[in-house]
Amino acid sequence: MASPAPTHSEPTSLLARVLDSDVFYSYRKSPVTVVASIVLAGLILAAVLAPLIAPYNPFDPSSLNLMDGYTAPLSDSMMGNYFVLGTDHQGRDVLSTILYGSRVSLFVGISATLFAMVLGVTLGLFAGYRGKTTDAIIMRIADIQLTFPAILIALLIFGFARGIIPPAQQESAAVWVLIFAIGLSNWAQFARTVRGATMVERQKEYVAAARIMGVHPVMILVKHILPNVTGPVLVIATIGLALAIIEEATLSFLGVGVPPTQPSLGTLIRIGQQFLFSGEWWILFFPAVTLVLLALSVNLLGDWLRDALNPRLRQ
Amino acid sequence: MSAPLLDVKNLSVAFDVSKPWLNRMIERQDKLFLKAVDNVSFSINKGETFALVGESGSGKSTIARLIVGLLGPSSGDVLFEGKSLSAGLEGAEARRLRRRFQMIFQDPFASLNPRWHVGDIIAEPLRVFRTETGAKRRERVAELLSLVGLSPEDAARFPHQFSGGQRQRVAIARALAANPDFIVCDEPTSALDVSVQAQILNLMKDLQRQLGLTYLFISHDLSVVRHMADRIGVLYLGRLAEVADAKTLFTARQHPYTRMLLDAVPDLEMTGRTRKPVEGEIPSPLDPPSGCAFNPRCPLANARCRTERPELREYGPTWAACHAVEEGRDKTV
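Chains W and B, in that order, are what the protein sequence lines are.
Each residue of the first sequence is one higher than the last, beginning at 931 in our numbering.
Each residue of the second sequence is one higher than the last, beginning at 1396 in our numbering.
Bear in mind the hints are in silico, worked out from the structure with no lab data behind them.
Remember, predicted model here, so these are calculated numbers, not experimental data.
Worth double-checking, as some hints may not be accurate.
If you anchor each label on the Cβ, the simulated ranges turn out as follows [as the list claims (entries may be wrong)]:
id, chain 1, residue 1, chain 2, residue 2, range
1, W, Met1129, B, Asp1411, 44 to 52 Å
2, B, Ala1698, W, Met1129, 43 to 51 Å
3, W, Val1148, B, Arg1604, 48 to 56 Å
Covered stretches of chain W (in silico footprint by chain B; criterion: 3 or more residues with CB under 8 Å from a CB of chain B, positions within the stretch not fixed) [as the list claims (entries may be wrong)]:
id, region
4, 1087-1099
5, 1154-1167
We treat Cβ as the ideally placed atom computed from N, Cα and C, and that holds for glycine.
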C-alpha cells in the first residue's frame, strides 16, 4: 500500500535554487527593481569603500584649504585642484563629503532598522502568542506611539538622552543615541504586523502539536512561529530602512542628529541650503540627489518585495 | 477487562464568550458562558479504539483538546493510568507522561510546519523527549517514514511537496516517533479524499495491531467509525447520549438521537430500509434546552424530557441517557 513518492526536483545547490525561484523570476521581470537594486548596491559599495575611493579626506583639517572654497563642479579651484562635484564654503570636496556622509546615513539607518526590527518582532511575537493582558499592554503602547509622528518621538528621546548623558560623552554617544531614538520610534509597525501574523499561526495545528509535546513557549515562538512570520517583516524592514534614512537626515537637518565632525547626508543638506540662494547650488544639490536616490531605490525594492512575497500572487 | 488506560471523569468545560468589559457595562449584560462539554465520563481500555461521534458543535474536538492538555477543564478530571492530567503537569513526570500520548489532527495542511523539512517534523518528538540523537535519530526518522508507507528520502522534502494523504502519513509518523501508547485522532480523515481516507484508516488499523496502540477516534462520519471503533460514544451538545460497543450500537441502538443518526446513513446494503434525513439542527450551546438537550428534535419527547435531565444508565449492552428508554416508551415507535 506504499504511496508513490513525489518525484520532482531533488535538492540542489543554494545558488541554483535561488536562480530557479519564483522570487528571482519576478525580480528579473521587473526592470525598475533591477535598476533600483544596482543603484542601491552602488551607493552601499561607495559608502563602504569611502576611505579608499574618496579623492580627498574632507575631515582632515590639514588637507583643507579655504582658498578651494565655492569651486563649481567640474572645474579647477583657485589653487589648481580639480573637483568633480565642486567644493563647499570650507573648500571640502562635495563628492568626498557625500561618500563619507552616506556612510553615516546608511550605518545609522540600517542599525536603527535592525534595532526596531528586533524590538518590534520580539514584542509582537510575545503579544500575539500570550494575548490577553500582555497583548493589550504592548499594543496600546504601540497605538499611543503611532499617534505621534515618528520624528517627534525621536526628537523627544534625543532630548532626554541629551539631559542624561554627560556633556563630555555626548559627541561620541550621539550616533548611538540617534540609532536608539530612530529605532524606538519605528518598532510599532513591526510589532503590529508580527502580532497579527502570530495570532493566525498560533491557532494552527502544528503549534498545538508542539504544545502537546510540552515544547517550551519560547521555543515554539522562535522555531515554529518566527519562520512563518518573517515574510512581511522583510518587507517592512526594507520600507522602514528608507524611512529611517530619511528620519536621520531630517534630524541631522534640524541640527539634532549626528555631531558636525561626522556629517551625514542630512547635515550636508543643512549646510548646503545656506548657499542655495547665493548661487552655489551644488553644495545642496548633490547630497540631496544622493539622499533621494538612496531612499527611492530602497523604497522601490521594498515595493517589489511586497509584491513578490505576496502569497496571493504566488503558487 | 483490565484497568482502563484513560479515564475521563465528569469532564466539563465552559468558555467565557462574554463581550469586553466595557460593552458589558454599557449594555448591562452579564458574563456569558458556553458550556462546550458537560459532565462527560468514559474510559478507554488499552489496545481498543474508542470513537466519539456527533454533529459539528457537539464538543468532540473540545474533549480531544482537554485530554491532551491543550485546554484546561472547568471541572472533572482526566486520568491516564490513574494519574491526573488536569492537575497540571510539571517537570520530569510531565515529560514521561507526555511521551505516551500524541495527537493526529484534522487538517494535514495546518498540522505540519510549512517551513520545516519533513525529517525535522518527524524528529521533533525525538528531540523534545531526547530519546535519540544524531545518526540514530536520522535512522529512526527513516524507519518511521517506511512504517507509514513513505520513502526515507522524503525526509529532505517540505510538506508542500506532498499530497493531503501523504501529509497525513507524515503526521502519523510524527505521532508515532516517541513510541506513544495512546493517540487522539481528531477527524484524521475528514480533510481527505474518500479513496485516500481508506488508505489512511487501514494504515492506522495496521499500526494499532503492530504497535498495540490505543486510539480515541473522533469523527462525524459513521461509516468511518464503524470501520475503526471497538466502542462508540455518541455526543450531543456536549453531553454523552449513548455509549456502546460498536456492534451493539449499529444493531441495537437505544437513544433516539443515535437512531436518527443511523437512519440517515445511506443504505448501501440495499436492505430496502427507507432513509430518513436528519431533522432539525443542534441547538445553540449558549442557550441549551432545559431537561434533555435533545428534546426539541426528539420524536419521543414528553413533559419529563423537557424538564428533567436524563442520566447515563445501563440498558442491557448499552449505556444511554434517555427517559424514553428508561420508561420503555421507545418500544412503541
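We went through each hint and held it up to the structure:
Judged by the Cβ atoms, the range 44 to 52 Å given for Met1129(W) and Asp1411(B) is violated: they are separated by roughly 18 Å. A C-beta distance of roughly 48 Å is found between Ala1698(B) and Met1129(W), which places it inside the suggested range of 43 to 51 Å. The beta-carbon spacing between Val1148(W) and Arg1604(B), approximately 40 Å, falls outside the hinted interval of 48 to 56 Å. Given as covered by chain B, the region 1087-1099 of chain W fails the check, having 0 residues with a CB less than 8 Å from a CB of that chain where 3 are the minimum.
Counting residues of the region 1154-1167 of chain W whose beta carbon lies closer than 8 Å to any beta carbon of chain B gives 3, which meets the minimum of three for the stated coverage.
Going down the numbered hints, you'll see the structure goes against 1, 3 and 4, while the others check out.
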